[in-house]
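**Student:** Below, each chain spelled out in residue letters.
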Amino acid sequence: MEGVLSLLSAFFLLIGSFLCLSGGVGILRFPDFYTRMHAAGVTDTLAATMILIGLMLQNPEMLVIIKLILILLMTLFISPAASHALGQAAALNNLPPLVNVQIKDLEKGSASGDKTSKS
Amino acid sequence: MVIAATLAILVAMILAVIRAVVGPSLYDRILAVNMFGTKTVLLISLLGFMMGRPEFLDIAMVYALINFISVIGVLRLSDAFNAKHNGQVADLVKRDP
Amino acid sequence: MRHKISLSIILIVFWLLNSGHYNYLILALGAASIAIVVLIAHRMDVVDHESQTIHLSLEYPRFGLWLIKEIVVANLTVVKHIWLGNKTITPTVKVIKASQTTDVGKVIYANSITLTPGTVTLGLVNDEIMVHALIQENIVALESGDMDSRVSRLEQSW
Chain A
1 MEGVLSLLSA FFLLIGSFLC LSGGVGILRF PDFYTRMHAA GVTDTLAATM
51 ILIGLMLQNP EMLVIIKLIL ILLMTLFISP AASHALGQAA ALNNLPPLVN
101 VQIKDLEKGS ASGDKTSKS
Chain B
1 MVIAATLAIL VAMILAVIRA VVGPSLYDRI LAVNMFGTKT VLLISLLGFM
51 MGRPEFLDIA MVYALINFIS VIGVLRLSDA FNAKHNGQVA DLVKRDP
Chain C
1 MRHKISLSII LIVFWLLNSG HYNYLILALG AASIAIVVLI AHRMDVVDHE
51 SQTIHLSLEY PRFGLWLIKE IVVANLTVVK HIWLGNKTIT PTVKVIKASQ
101 TTDVGKVIYA NSITLTPGTV TLGLVNDEIM VHALIQENIV ALESGDMDSR
151 VSRLEQSW
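So the sequence lines, in the order shown, correspond to chains A, B and C.
Residue numbers for the first sequence follow this note's numbering, so the first one is 1 and each next one is one higher.
Residue numbers for the second sequence follow this note's numbering, so the first one is 1 and each next one is one higher.
Residue numbers for the third sequence follow this note's numbering, so the first one is 1 and each next one is one higher.
A couple of the hints might just be wrong.
As the list claims (entries may be wrong) - Here chain A is said to cover these stretches of chain C; the calculated rule only asks that three of the stretch's residues, wherever they fall, bring their Cβ under 8 Å from a Cβ of chain A:
1. 14-24
2. 97-109
3. 121-135
4. 146-154
Claimed, not checked - Chain A stretches covered by chain B per the calculated footprint, using a threshold of three residues with CB under 8 Å from any CB of chain B:
5. 14-27
6. 52-59
7. 88-96
What the hints assert, rightly or not - Below, a sample of chain C positions facing chain A; criterion: calculated Cβ distance under 7 Å:
8. Val78
9. Val79
10. Val93
11. Thr114
12. Leu115
13. Pro117
14. Gly118
Please keep in mind that the hints were generated in silico from the structure rather than gathered at the bench.
These numbers come from a predicted model, not from an experiment.
The C-beta atom is built at its ideal place from N, Cα and C for all residues, glycine as well.
Modelling step: build the complete structure from the supplied sequences, incorporating the hints.
**Tutor:** Rendered as structure tokens:
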């Protein structure tokens with residue numbers, strides 16, 4: 001039983017780490033603010049869930065598990081509110097989103113995405 | 001395994017800091033700082049487990065709340081909520097082909 | 001009144017789960033804090049059917065399970081596009097209609113959209129939601145109305 005639990009925990013932690021790294025790469029790699037927001041969303045939702053579940057499986061104490069669940073719930077409730085506030089602030093202040101056509105233009109010319117997304 | 005996860009989160013935090021320093025617009029920076037904050041919550045929990053002191057979870061919980069409030073506070077400062085709503089939303093949509 | 005009782009119960013459970021110490025002094029301090037919080041919330045007039053959605057609480061678990069499945073699928077898509085690179089993404093902004101009638105329902109719908117990676121709500125005016133999507137298929141999936149009808153069902157269930 002112990003072995004199975006620690007193996008499962010290691011599995012979840014591994015997936016969580018990979019998703020965290022992916023989110024970090026995505027926030028550097030994507031061409032404009034709005035697309036980067038999706039990359040940050042990955043680390044906010046599934047990566048946090050996986051790492052916290054991995055930690056839950058490490059410790060059988062009830063109080064600790066409940067605290068981890070509370071942290072998870074808080075993250076899941078807070079992160080959409082924060083990213084909606086951020087996205088709305090950017091949209092209302094006229095930060096133009098890159099849409100499909102602009103990306104194809106970018107590929108023809110060699111301008112970087114960062115320059116177009118500057119308002 | 002906990003150590004590996006801690007290292008991965010540290011790397012992700014470094015990437016977020018790079019975006020916060022480079023990021024062309026104000027919103028990129030706020031986004032990076034927000035992501036840095038959520039990573040910090042995970043890092044504190046992992047460190048607590050690594051040192052065998054799960055009491056750190058209380059601090060992580062408080063940090064999650066502070067992180068949220070700080071993002072909303074910075075957005076207030078950046079005057080987002082004074083902008084007129086309807087006209088600009090329509091403008092944004094018109095750019096969509 | 002129902003809503004104040006529900007808020008008190010939530011706060012009591014939150015305190016008991018978080019403290020872990022159960023002697024009289026700590027419990028008295030907890031009771032005092034909860035009383036003050038409920039009093040302030042009452043004076044701010046924020047305790048109503050919008051902040052305490054007890055009429056929906058029976059339906060939340062089923063919707064939550066479905067949402068978790070959606071979140072996992074959407075996450076895998078976004079991670080795939082992160083590693084495939086910028087040429088594979090097709091960012092789109094579009095206004096979609098929300099069919100919910102109450103404010104709570106609209107907020108739940110908009111929050112579900114934001115919580116699913118790949119789609120972010122940029123604005124909510126009356127019954128129009130402006131959505132930014134990482135790839136075009138996400139918008140198509142939203143317009144097909146699966147999530148919309150599920151939230152509507154959740155909202156009408158009471």
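**Student:** State for each hint whether it applies.
**Tutor:** Each hint tested on the structure:
1. 14-24: holds (count 4)
2. 97-109: violated (count 0)
3. 121-135: holds (count 6)
4. 146-154: It is violated: at least three residues are needed, and the region 146-154 of chain C offers just 0 whose Cβ sits closer than 8 Å to chain A.
5. 14-27: holds (count 10)
6. 52-59: Holds, because 5 residues of the region 52-59 of chain A bring their Cβ atoms closer than 8 Å to Cβ atoms of chain B.
7. 88-96: This one holds; 9 residues, not fewer than the three required, reach chain B with a Cβ under 8 Å.
8. Val78: holds, 5 Å
9. Val79: holds, 5 Å
10. Val93: Result: holds, 5 Å to nearest chain A Cβ.
11. Thr114: holds, 4 Å
12. Leu115: holds, 5 Å
13. Pro117: holds, 4 Å
14. Gly118: This interface hint holds because 6 Å falls under the 7 Å limit.
In summary, the structure is inconsistent with hints 2 and 4 from the numbered list given earlier, while agreeing with the others.
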